[in-house]
Structures are given as structure tokens and as C-alpha cells.
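What follows is the residue order along each chain.
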Amino acid sequence: MNKIPSDMDIAWCPGCGNYSILETFDKAIEQTGIDRKKLALVSGIGQAAKFPHYTKANVFNGLHGRALPAATGLKIANHELSVVITSGDGDMYGEGGNHFLHAIRRNIGVKVFVHDNQVYGLTKGQASPTSDLGFVTKVQTHGVVSVPVNPLAVAIVEDASFVARSFAGDKEHLLAMMVAALENQGGFTLLDILQPCISFNRTNTLKWYKDRVKKIDESHDPYNREAAIAMSLKWGDEIPIGIIYRSRRESFEAKTSMLAKGTLVSQYKGAAV
Amino acid sequence: MNKIPSDMDIAWCPGCGNYSILETFDKAIEQTGIDRKKLALVSGIGQAAKFPHYTKANVFNGLHGRALPAATGLKIANHELSVVITSGDGDMYGEGGNHFLHAIRRNIGVKVFVHDNQVYGLTKGQASPTSDLGFVTKVQTHGVVSVPVNPLAVAIVEDASFVARSFAGDKEHLLAMMVAALENQGGFTLLDILQPCISFNRTNTLKWYKDRVKKIDESHDPYNREAAIAMSLKWGDEIPIGIIYRSRRESFEAKTSMLAKGTLVSQYKGAAV
Amino acid sequence: MDMNVRIAGEAGQGVQTTGELLVGALAKMGFHVLSTQVYMSRIRGGLNSYDIRFGDAELHSARRKADILVALNEEALDTLAADVEAGGAVFFDGKAEKPYVGIGFTRAAKETGGSAVMANTVAAGAVFARLGYDVEALVQYLAVEFKKKGSDVVEKNAACARRGGQLAVEAGVAAVNAPKSVGAPGRVYSGTEAVGLSAALSGVKFVASYPMTPSTGVFTFLAGAADKYGIVVEQAEDEIAAINMVCGATYGGVVAMTTTSGGGFALMCEGLSLAGMHELPAFVFLSQRPGPATGLPTRTGQEDLQFAIRAGHGEFVRAVYAPGTIEECYELTRLGVETAHKYQTPVILLADQYLVDLRKNIPPLDETYKAIDRHIKEDAGEDYMRYAVTESGVSPRAVPGGSAFVVLDSDEHTADGHITENLDVRVEMVDKRLRKGRGLIEDVVPPARYGAEGAGHLIISWGSTYGPCREAVDILRTRGVEVEMLHFSQVWPINTEAVKKAVGKRSRVTVVEGNATGQFAGLLREAGAIGECEKILKYNGLAFAGEEIAEEVSK
Amino acid sequence: MDMNVRIAGEAGQGVQTTGELLVGALAKMGFHVLSTQVYMSRIRGGLNSYDIRFGDAELHSARRKADILVALNEEALDTLAADVEAGGAVFFDGKAEKPYVGIGFTRAAKETGGSAVMANTVAAGAVFARLGYDVEALVQYLAVEFKKKGSDVVEKNAACARRGGQLAVEAGVAAVNAPKSVGAPGRVYSGTEAVGLSAALSGVKFVASYPMTPSTGVFTFLAGAADKYGIVVEQAEDEIAAINMVCGATYGGVVAMTTTSGGGFALMCEGLSLAGMHELPAFVFLSQRPGPATGLPTRTGQEDLQFAIRAGHGEFVRAVYAPGTIEECYELTRLGVETAHKYQTPVILLADQYLVDLRKNIPPLDETYKAIDRHIKEDAGEDYMRYAVTESGVSPRAVPGGSAFVVLDSDEHTADGHITENLDVRVEMVDKRLRKGRGLIEDVVPPARYGAEGAGHLIISWGSTYGPCREAVDILRTRGVEVEMLHFSQVWPINTEAVKKAVGKRSRVTVVEGNATGQFAGLLREAGAIGECEKILKYNGLAFAGEEIAEEVSK
Ligand SMILES: Cc1ncc(C[n+]2csc(CCOP(=O)(O)OP(=O)(O)O)c2C)c(N)n1
Ligand SMILES: Cc1ncc(C[n+]2csc(CCOP(=O)(O)OP(=O)(O)O)c2C)c(N)n1
Ligand code: SF4
Ligand code: SF4
Ligand SMILES: [Mg+2]
Ligand SMILES: [Mg+2]
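Residue numbers (my numbering), protein chains in the order written: chain C, 1 to 273; chain X, 1 to 273; chain Y, 1 to 555; chain R, 1 to 555.
If we strip away everything but chain C, and leave its shape as in the complex, we get (with noise of 0.2 angstroms):
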């Protein structure tokens, strides 16, 4: 049940981050329970986008930069599915830029998780939002100019229910943190996978990560926003991994009075109104 169809052949590079990420989630789904029946992957487009092929659930695979809205209208229509958005840097923080801020807002209860390798991977190779500066590609050829967008930060002052990051090279804290994002009922829920890109990123390589990646101290409130603000301005040397911020907002399916008696597509059963 939980295994890839047998002749679905997985197109990413041998040795990609993106490997860990699937053996992890399909762990994750295990621990957790969930039913694969009722949960629905929705992706855009870019490697990390072919990520819902590979593994077992209801799948919505869209437009580049389009999941959020996607997932948002199926989260309302059936909110009894675990709806989760696997995406790239480029497919949520570019091209999706305008859903993730605003998705935030909303607070739709849907797990968005981003694997962060810095690249346009599908595309080979261009800078992302998320490339360091400097980082040369064959567009920027001298160079990205534009400061790396900080989608932790920007989740955290729009006020997103759960906020964290993680890295494909370390499987435990991985699974960890997937575990708490699928389990986190308040809402718009962001985890941010570092996730080395083997053939276009030869920046951030898996051994730059390691040498970065830091565990949060347990001593770290994540109710804390001011706190989880300045942990999600650092990186560079220290790079932290782990829960960085939560709300105690209410998601919008709850704050909504029509989903109150059920879903949305179960109210056909009944009698007319």
C-alpha cells in the first residue's frame, strides 16, 4: 500500500536529497497513522513536485507555483483529508510567492512541505528565492544580487500556525519534524527541508549543510515570537533545524461556519436545502 506503483520509475538523480525526504515520509505516514486514503498530496511542478508519484495517496499534481491555492480549495471542500503540499524553493517561494503569503493569512490547515535545495532543479540549474547570494548559474552569471527571501521569517510575522525547518541528511530530526507538522491541527503548517541538489547546487552541498545545521535548543519557545523571529534570521555559519515557531490561531476550516456540520462535499448527501 504504502509502496510506489511498480513501474513508476523515479526520475530524480541518483543520490538526490530528495530520496531521504520519500523513505522519511513514508515513515512519517506510518507513525502517524494516517490513512492514505484520505490523504491527498498536492504538488506543483519541479523535482520535488514529482515527489506525490512515488508513493501511495490521492494526488493532485498542478501548475508551478500553483499547490497552495489547489490544496486550499480541496482542504475546503473535504477537510477530513490530510492535505499535504509537497514543493520546491522556486515552485512556492517564486512562482507561488503571492499563495504563501497569503495562504498564511488564511490559515488553511494544509502541511506545506518545501524541499529547499537553493536551485531550480527540474529547470537545471537557475538561482531560486532561496540562493545565496553570489551563487552563479548560467543566468546569473556574475553572481544572484537579490537577497535570499527568509520564507521562515515571512510565515512567522504573517503569523503561521507551525513554522519549521529540517534537513534531508539527517533522517531522525526529519522524520521528527514531519511527524509534528502532520500532527499540528491549528493551520497553515511550513516546514522548510534543506535538501542538497547534487547536480546543480554545488554550493550547498550535503557536507555544507552538515557543517551548518544546528538542533534548537530544547530551551527554545516556539510560542515565542519574538524569540522565533531572531532564530529565523540566522544563517550562514549556524544554520538551526527544528521547530521555530508556533500560533494558537484557529485554522480557517474551523473558523468557518459551513464546515461546522461536516464537509463541504458530504453536504450533497443530505436533504436539500
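I should point out that these hints are in silico values taken from the structure, not numbers from a laboratory.
None of these values were measured; they are calculated from a predicted model.
A couple of the hints might just be wrong.
To be verified - Here are the simulated lysine-lysine pairs, DSBU-like style, with alpha carbons at most 35 angstroms apart: (1) C/K124 <-> X/K171; (2) X/K171 <-> X/K207; (3) R/K505 <-> Y/K535; (4) X/K255 <-> C/K207; (5) Y/K505 <-> R/K535; (6) Y/K149 <-> X/K124; (7) X/K255 <-> R/K228; (8) C/K255 <-> Y/K228; (9) X/K215 <-> C/K234; (10) R/K377 <-> X/K261.
Said to hold, decoys possible - Computed from the model, here is a short list of chain X residues facing chain R with C-beta under 8 angstroms: (11) M8; (12) I34; (13) K38; (14) K50; (15) H53; (16) K56; (17) G62; (18) P69; (19) T72; (20) G73; (21) A77; (22) L264; (23) Y268.
Glycine is no exception: its CB is placed at the ideal position from the N, C-alpha and C atoms.
Fit chains X, Y and R with the ligands to the known structure of chain C by using the hints.
Leaving out everything else, chains X, Y and R with the ligands in the frame of chain C:
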């Protein structure tokens, strides 16, 4: 020269906050000595976006939400122009949200004046991204449930060059802010202007704002990011106005080697490559 | 016989309120009423006008001139007095020189009712005097209308209405020979209401839109109806979000729609293509206004036809409906939603500012809630294939959350929905998707005919030009000119054979459209359905009047 | 005579490198070379192939079968061995059973050159042995090609090439009768390079794009050429930003463009409409791939023709060019940019994956930099009117920063660019904008003819189907079937009279297109330029081969 075309009939409601913004803008241009022939006003669509028609300047009145990319293209074509955007909260933070997020990263040297009336004026009163929680409209019949976007906080965490807030009801303050914004040479410049909409926002009225705005204390150091973030998160009983944040980043134009020898458009004049 | 009353003034002066008051009262009194609106893109100021045409027979179009003009400000007087029929009356809110009748509506309202907002009631009273109708009929209507607001409001309005009539008489206004009541149906609907109501009754449960004139009315209508019908109405951050939310919601099994106009629709093209590939029943209400770009935001036009038909990259099938009447707004909304679900493909309902703002009294629409058949297969089971290849091209539809895994991919995919680069499967899937076009063609709403059957001259209308064309046919007939008319309320796909048959042999074919390039004529030609033809085109932002078309035809 | 060498293997195995090496060497040796690529949407793995067809006469299309297959992995062998001509050779990187020739390219490369990346040089050496060409010609080419990398690299590659030849001989490979060099022009270009180079030479100084296959090549080319030509290349956050940046930059007076494919273009529709309303010379390079939605991201198709022509709400004029050859890529890019500026309106250059990846040796393109005429009026002065009404519809163009105020509005506007709701001005402005269409029609690139003049059977091609159709005409001629061919390198607007004249009376008209619905045939019909016609359509993601069209025609 700085008069509006005599046959131009201003389409704003009598009593609208936009009038003081217009009046103050003309003063700011006078005070800064900006040559109107070198001034380009770029706007999207909305009440605020009609602004460029009511003063004398070069005008690019484009699409709803798309002032920023158009202004970016223009600034790159001719960085000797003063490029000023007059936009609304819906235009800039709603439809235009993705450009907002990325123009800041780019630190393109355009001035963004947002006439923030916390409502969609031109389309008759739907909630905007800055509408307060609970704001009731014909679309948001049970009141707004999404938390307002915090454009200032977002701009600060994205390290914009200049971030300030002012109020249409305090022309003196507004003039000072406009002048400071126009004179800022560092790159992306955001001035969010609280603007009463007498027709569709009966909550955040002139009085409502007057009772709450509070000039930022001189002791505030806009180069202190932490303090700036804390300041930007304030909203409600007390709404700080003034320069909240400044950064020492270099602008896109300054960092682009191609523009070192003069404006891009001037490069047709010289010898062929 | 019929008459045309025109209320004109600045935005914010109550043009619309006065108009609606008269429409309501006259409809209640049993006249046939049809009203249209022309307004500027501003909240206050400018010049707006509201035409109330009413009479003793059904009406289908506006008239160019007014029999009575109520000018609420000087600009209205200056600009519109020339468009009053000879012998017509002009009321002006203030002092006016002869032949204009100066009545201080606002002043009278303040004096009589205590508030300037009742000026429209005073004006309505004056209009009644001119028409020679008993002002008490107006008073009765007001009593019902304002009942909820309490007896004080009712009484003050009654006084204002009476005062208006009195002032008109005092000013020397004589009653004219006005239409007699015929007991016409008493329920007034706008195009907006007919679309919104039908959507709600058809089981639309999710609406995601970004406001844009002239589509916002339907969005707002559905927001207002949300509690009653159990609809989640969400204002999206932009139109791209709106269409993708709709895709997500339909995937989830809910009937969903979005409302937009040209610029917003332009942003939805990629999402439309997604619905084509995913085979999702996305329903788009596209209300046109003149372009390009921002154009004339509050005016009318039919410029987005060919765009609507070609919008989206790659090839996929769709249906595009274009209602011409309030009734068609109601029927085609349901049919559109049904077709989207029957064929699992995007459907567009193409309206325009003229049509959404058109108001008319018609027999009450059926308000029974009856959700359309979503064609959902329950218990699809583990072996479910979302894109099973079928003869009709339509695959059994399951939705997530049940016993099946439902897999959609925007890349080319195998029958189970997973990504593929197998090029034979590609061809099979393209053929499958396009095969749905056959059923869509069979289901096309046949063009409706009107006028002199088989006449040598055929007039073709589509969408909102129906009414004006129909009136033109009647006008021409009174002048002894026999023409036949063919009306298309579905503009895509084109059933070439059916059209060819309906057109038959004619000496003259004229296509009437609200655009500058003759887009529908082009489509009919491409389909091989017609050959050379004449075109009557209008693109100044206003709708046709029947008389205007009759004139053009007679040229 | 000509031969076809096919290199196939996984992404990342050097299929492209090997292909380009052979193309380069064979072109240098004076053969006519034409290469095409087929690849999957992945970075590693899968199955890609690269065809190098070369001979003693100019080539216009790929062939379906190969004379030599170099299979870099087992999947390539299993899938493609069947597509080798009888008597052809199959090389396999490893052990292989007869009749396949197993040569350990990688192993040989490691042993001889010290690194696996030189396996492609070994393979090229083996191919040379099969062709009976002196491997020293390959070595010479390598010496020039790798000069910059130092003598060590050159020597190691030389050794690998020789080793490849030797291994082939040892494996019993016999030389075949191969084409003789004819001193063909030595400069190889891809479609991508021809477009990119032409854009740079025409004075494009600003490029804003969002990456999307198969348009990214031109974007990357221009980024690589930026320092040389003084171009600012900016990766936009999305395609909406890209087109609006282009609008802003052209307003500023700079020649600007964007590159995209179907899905990205869909997002640009509103911006395109803006360029139409603002009258800005926005230039869009639209490289097609199969849809709808994500479709087949790395394959080819011609499915976006009608969308490109109708994209954007409201009505405005545009030109759409569709090059069929490398030379046309070069010429039409400049012409497209020129037309955009001459008429101040958006222009689209429509290519596809097949064409951008096509490589061919042709006489060197003129690399003189000569910016196009931007038609800018200097010193326009205080009284300047951006939208002065003229006979041609084209208003004198000034840019901001000079003596004039330059005012653009996306709403309907008066001649000075300010917003208006004057409906007479509206009509005047629509007419003015659409009047530009007349000049555009006069300037249309006439269709090119080829083959038997006046033959009863006419084949129509557009864009990249040119080459395959042309080859089909030649093939048919050798079989005694005379057909004429008409090639459209501009697909919009349609000059109906010119097409009618060129088509004349034919007993049979066949339109050849890379889509499933016959879009260009539809356009020609709508224009009234042709009547009933046959269609040869292909939509599996691959380009036509000449033989295939010849076969279809003969059916
Ligand atoms: C509208 C649109 N624009 C562009 C593309 C091309 N495209 C596909 S994936 C991608 C970027 C992928 O980067 P990211 O989201 O970081 O994913 P990754 O491949 O790195 O996992 C782009 C630009 C597209 N499919 N659609
Ligand atoms: C693509 C598109 N979508 C929607 C609209 C309709 N529209 C025009 S202005 C506006 C919102 C205006 O709100 P805001 O930007 O806050 O400006 P305000 O009128 O309040 O000054 C909208 C939704 C449009 N013109 N284009
Ligand atoms: S290109 Fe990078 S992200 Fe994509 S599959 Fe390969 S290693 Fe992974
Ligand atoms: S609607 Fe509001 S924002 Fe617009 S002009 Fe009127 S008062 Fe000003
Ligand atoms: Mg990435
Ligand atoms: Mg606003």
C-alpha cells in the same frame, strides 16, 4: 507645470484621504526639487492608482497589481528617472504580493507609496489584505477571518532599504516621510500611508486613525532590525508612524555592472558594440 | 405602447435607487418593465444613468431616447436633455429654465421626509404625476418595500412620494397618455441575480473569486446567499489563486466556480488549461467589459469571445455559453455547471455588463434547490483509474476520500493518472480528451429562431445582443421588412451542420456583435457554417438599442 | 547521399556531448549536417537520443531510422535497436550479443584518457571507423575544440578517439560507403543560438524571463552574451512580472523581450493585452511544447498557435512569426523586433522544442551589431501627445526623460494618454489602434513556395514543419509525384488576398501541423483563404520526418 491637466476631472469622492496625499506629494516634489520631466509615476489599478493622472509627470498606469514589475523594467531602462509607484493596499499586497516580495529582494530603487485604506475602494468595498479581523463587507459577510498582512514587517525581514508609515490625516508628517522616501538612494523604498476611505471603510475612519497614530520616538534607530521588527508588529491601540527601518544594502542599479556606464537607454546613442 | 424614463446624475446621488424604486413599483403595478444602466468607474461624481422602459407588452431592449428625463444635477441636464423625445418631459433637481421642469427633489425630501436620501422618492412621485398614474400605487409599493424599516420610514416616504406628485402638478406638468397595466409578471430579476440564484440552486458550494467589475455582482450575490445555501465564498488573493482553488475544490468533489472579467480571466488561462488536462469541471463566469487591458471598466462589450474559446495553452475541449436574456442567465448557468460535470472539462458562461445589470420582470424563477448530477462514482475501489480510456472520452469520476486513490497529473499521464513519457499513451490520451468534443457538439444548444421564417435576410445574434436584435426584427416588421433572426446562446463548440441547416440559403446574412472585429462571424466562417456576411458592430462601451440595429439594417 | 547516426542513453551519460562532438567534427570536415534531439524531463536516467544526419547535400529534416546507433545503455539498445536500417550498425557500451557491437566506451575512456567523461570521444572514434573516415580528422577537430583546456586534455582526447576507432576495427566493424565531403559551410547553429544572436544584434538590451523548457536556451544564451552586448538579463519571480517588466522597459525606450513556453505564456495574457493598449513594442519568444498544462515538458508541438493569436482580453493587433529554419530564426527575430517597434504593438515569435534544439551548418550569420530603429522621436516637446490620432494608426513615440511628458494609461485614454470615459474618443482610439492592422497586413511575410509550381496538390507548412515538408516534396518528386509547397513563416495576420492568389485553384490542399486539431487550417479558413482541406497532424511530442509526410500524402 505641477498642475493637473485642466480638463482632468478628479474621480475621487469628495473628502477622500487621497486628496491630502496628492497635495502633499506635489509639495514633496517641490521640496526635493525633482525635475518632473525626470519623474515617472507608475501605478496599477484602484483609486490610488488613478493618482498619476492628477499631477504632472511621466505616467505608466498599468495593470492591477503589476506596478512593481513595470516600474522595475522602467528603472532598469533608465535609472536616472525617479520612479514612484502610487498603489493601493489591494494592488500592492493582494494582486501584486509576489512582486512585492521579490522586488524587495532585488532592492530595485523605486519608491512605493501605498495608499492603505484597508479596503478595496474602486471595486466598492471588499476586504483588502490589510483589512482588520472582523471587518464586514458584502463579500466578507461574517467579517474578515484572515489576519491582515503586515507589509512593513515583511519588508523588514526581507531587508528593504527604507520602510516607513505615515498618515494622510497628518500632512506635515506625510510630507516629511515623502521627502525622506524620495531622497532615499539605497534601493527599495516603502511608504505605507494610512488613508481614510469615507465611502467603504466606516471602521478605520479619520478619527479612528487620529486616535491611534503615534509618531515614532526619535530614539528609535531604524538601522536596528530587531527594534524595527518589534515596531512593525505594533498595531491596534497604538499605530507607530515614521521611519521604521533602513538598511545599508546597495540598490539593484548600483550592483548591475551594465548600468555603470550610463542608463541602458542611453546605450543606443553611442557606437555599436 | 411603452415609455422610457431616464434617471441621471452623479454617482452617489441615488440614480440607481431611484431607478430601482420605479422598476419595482411599475412591475408591481403590472407593467412590463426592462431597465438598463450606464455608469462610470467612480464612486462619487461623474455621470451615470438608469433607464426604466415599461409598457403593455414584453420588452427586449433599451431605447435611445427618453420620454422623461430626471436630471439630478446640471451635467445630466446639459448632456442628456438633447436625448429626450420631442414632447418629452425633463425634470431637474433645482431651478430650471423652460422647457425644463425644476423641482427641488432634495429640498422637498428634507422638508417632507427629513432627509435628503428620500429625494428619489420625491422624484418618483413627480414621474408618476407625469405618467398620470395614481401616486397611491407608488405609496403602496413603498409600504411593502420599507416595511422592515419601520412605519416612520414608510410614512415619510409616502409623504415624499405625494409631495413629488404635487410639486410636479404645481410646476404645470401635465399627464401624458401612458401605457395601461396588463398584469405582467411581478418578479424583477437582474442578470446578476439570475446567474447567482441558478448557481446556488444547482449546488455550487464553493466560490473563489477576486473582485472585478462587472462580475463582482454575482460574487456578492453568492456571498449573500451563502448561509442559505451552504456555500463557502472565499475572496482569493488573485485570479490565479481563484481558478486553482476551483480546480482543487472540484477535485474534492464539490461544485465550484469563479467569477471574473477580461483581465482576471487572462490570468486564469493557465488554470483553465489545467482543468482541461486534469479533466475537472471548473466553471467560470466571465462578464465582459471593453478592453484591451483596463479599457472601460464599467461599460459593456463582447470582445472576449475568441479569447474565451482559445484561452489556455495546448488543446482541450470546453463549452462556452452566452445568455441573451434573464431566463437564459438562469437556465444556462445550470446547464453550464451540468455540462462541466457531464464532460469533466471547463465551461465558461460569457456575459457582459449590459446583461448583468439588465433588470426585467418575468414569471418567477423556480427556486427549488436541486444540485446537479456531479457524476461521481462512489466506491470506485482500489483498482480505480482516473483516466480510463472510454469511447466517449469521459472516464468514470471518483473523488478522494473514498475507497479509491484518485490521481491527477498536469503532465501527460497514464490511465491511472501517473506521469508518463510514453508517446503512444500520449496520443491515446489526447484522443480520449478530444473525443469528449463529439458529445459536446451533440449537446450544443441549437440556435433559436425568431421572425419571418425563411426570410432572405438573416440576422445573427449571440449573447446579450439577443434582445436588441429581436426588437429590431419587430421594428422592421412594422415597416414591412421581413427578416429572420438566429440567436446563439451557446457559442462554442459550433455544430457546423446544424448551423448550416438553420442558415440555409439566404441572400443576406448580418451578424450583430459588441466588438470591432466581428469575432463570432469569424468563428462561424472558420467552422464553414457561413460564407461572406455583413456585420453590425458596436464598441463604444454601450449596448445596442433595437432601433439602432433596425436602422443599420435598413441602410 | 546521407547517413543518420543516433546516440542514445540516459540523461547525464553524455548523449548530447557525443552528438555535438560528431556534429562539430562532421561539419568541420565539410559535410552538410543536421541534428535533432529527443529527451525526457529529467536530469539523470530515462532515455534521450541525439540524431546526427549528414551528407553531401543540404538536409532539411530528420530521418526516422538510424544507420548507426550508439547505445550508451541497455534501455537504449532494447528500445532503439529496432529502428536501425537493415545493414546498419549498433554500438553498445559494454558487452553485446551479435549483431550488436559491444565496445566498452567508458572502460576504454578510463584506460586511455583517465576519465569516464571521455567515453563520448571513444564513441565518436568508433563511429568514424564505421564511416571509413580518417580518425585523424576527428583528432584535428578535437585539438581545436579543446585547445583552451590545455594540451593534456587534447592529447587524452586524441588518444580516446583513436582508441575508439581501433576498438571498432578489432570488433570487426567494416567501413561502409559513406557520404563524401562537399566543403559545406562550417558554421553550426542551433535554433536557440540563431534567435539569441539575432536578438542581441538587433539591440535587445533587456531580457526578463522565468525559466521554462524549451525557451530557457534563448534566455541562457542572452545571459551568456550579456557582457558582450550590454544586456541586462533578469530572472523574474514569475511570468507576469517578466512581461510587465518588458512593458516597463520598452516604455523606458529600451528594446526588451521575454522568453517563455505555453504555461508561462498563459500567465502573460493580461500583460500582452496591456502592451496592446499601451502600444508598447513587447517582444515575446514563445517556444512551444505539448500541452495542455504541463503536458510533455521537453517534447515538441505546435499547439499554441490559435492561443498566441487570440491571447489577451479585448481587441488589439499583433504579429506572430513562426520560423521554419535556422536562417528564419535569425531573420524573423530581427524582423519581429522591428515590427514591434514599427507598429508599437506586441509581437510573438513562435518556435518549438524541435526547432530550438535543431542544429545545422549554414553559411555564417552576419554578426554585425546593428540596433533596430526604435522609431523614437527625440525632443517631442511639451505638447507631446502619446496617442496622437494618425492615418496609419501609429502615433509618434517619445520616451520619458526627455522634453515631453509621456503618459500611458491602461484605461481608454485621450490622445494625451489620460484616462477618459468619453465614448466618442473610445471609438476613435479603437479605430486608431486597429488601423495599425492594415500596415501589418501589408508587411506580412509572403508565404514561400517550393516544389512543382502550380501542381494540383498543394502542401501547406508553417513554422518548424517547413523542413519535413520540404523534404517530403523532394521525396515525392523522386517518386514521380509532383506537389507544390507553401510555407508560412508569418502566421498572423493573414493576408487573405495574397494567400488566395498563392493557393489559386488546386485539386487538393493539405495542411501539415504539429497539433491534433488543425489550427492553422482553421485560421486560413476563417480568413476565407482556403476552403475544405486535408490535414496531416502529429501530436505525440515528436517532430515530423520528411519521409513520414511523403508517406501520408501518398496514402
Ligand atoms: C508557469 C511555469 N513556469 C515555468 C515552468 C518551468 N519550471 C518547472 S519546475 C521549475 C522550477 C523548479 O524549481 P523548484 O521549485 O525549486 O523545484 P526543484 O526542481 O528544485 O525541486 C520551473 C521554472 C513551469 N512548469 N510552469
Ligand atoms: C486583474 C484584475 N483584477 C481585478 C481588477 C479589479 N480591481 C480594480 S481596483 C481593485 C482593488 C482596488 O483596491 P486597492 O488596490 O486597495 O485600491 P483602492 O481603490 O482602495 O485605492 C480591483 C480588485 C482589475 N482591474 N484587474
Ligand atoms: S537535479 Fe537536483 S533536485 Fe533534481 S533530482 Fe537531480 S539532484 Fe535532485
Ligand atoms: S471609494 Fe474610498 S478610496 Fe475611493 S475615492 Fe472614495 S473615499 Fe477615496
Ligand atoms: Mg529547488
Ligand atoms: Mg485600498
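The hints, checked one at a time:
Our distance criterion of 35 angstroms between C-alpha atoms is broken by C/K124 and X/K171, whose separation comes to about 52 angstroms. Taking the CA atoms of X/K171 and X/K207, the gap is about 15 angstroms. The hint holds against a cut of 35 angstroms. Between R/K505 and Y/K535 the CA atoms are separated by roughly 28 angstroms; this keeps the pair inside 35 angstroms, and the hint holds. For the given pair, X/K255 sits about 31 angstroms from C/K207 by alpha-carbon distance, which is consistent with the 35 angstroms threshold.
A hinted pair counts as satisfied when its Cα atoms are at most 35 angstroms apart, and Y/K505 with R/K535 qualifies at roughly 28 angstroms. Proposed proximity of Y/K149 and X/K124 is supported: the alpha carbons are some 24 angstroms apart, at most 35 angstroms. The straight-line distance between the Cα atoms of X/K255 and R/K228 is roughly 18 angstroms, inside the 35 angstroms bound, and the hint therefore holds. Restraint check for C/K255 and Y/K228: the C-alpha separation of about 18 angstroms stays at or below 35 angstroms, so the hint holds.
A distance of roughly 31 angstroms separates the Cα atoms of X/K215 and C/K234; the hinted pair therefore holds under the 35 angstroms criterion. For the given pair, R/K377 sits about 23 angstroms from X/K261 by alpha-carbon distance, which is consistent with the 35 angstroms threshold. Contact between X/M8 and chain R, as hinted, is supported at the beta carbon level, the nearest pair being about 6 angstroms apart and thus within 8 angstroms. Given the 8 angstroms rule on beta carbons, the hint for X/I34 is violated: about 13 angstroms separates it from the nearest Cβ of chain R.
Hint status for X/K38 relative to chain R: holds, with the closest Cβ pair at about 6 angstroms, below 8 angstroms. With a cut of 8 angstroms, the hint placing X/K50 at the interface with chain R holds, because the nearest CB-to-CB distance is about 7 angstroms. With a cut of 8 angstroms, the hint placing X/H53 at the interface with chain R holds, because the nearest CB-to-CB distance is about 5 angstroms. The interface hint given for X/K56 holds, since its Cβ lies 7 angstroms from the closest Cβ of chain R, which is under the 8 angstroms cut-off.
This hint holds: X/G62 has a C-beta 5 angstroms from the nearest C-beta of chain R, less than the 8 angstroms allowed. Hint on X/P69 holds. Least Cβ distance to chain R is approximately 4 angstroms, under the 8 angstroms limit. Here the hint on X/T72 is kept, as its CB sits about 5 angstroms from the closest CB of chain R, short of 8 angstroms. Interface hint at X/G73: satisfied, since its Cβ lies 3 angstroms from the closest Cβ of chain R, which is below the 8 angstroms cut-off.
Annotation: interface hint on X/A77 holds; nearest CB of chain R at approximately 3 angstroms, less than 8 angstroms. Given hint, X/L264 at the interface with chain R, holds; its Cβ is 5 angstroms from that chain's nearest Cβ, closer than 8 angstroms. Given the 8 angstroms rule on beta carbons, the hint for X/Y268 holds: about 5 angstroms separates it from the nearest Cβ of chain R.
Comparing the model with each earlier hint shows violations of hints 1, 12; every other hint is respected.
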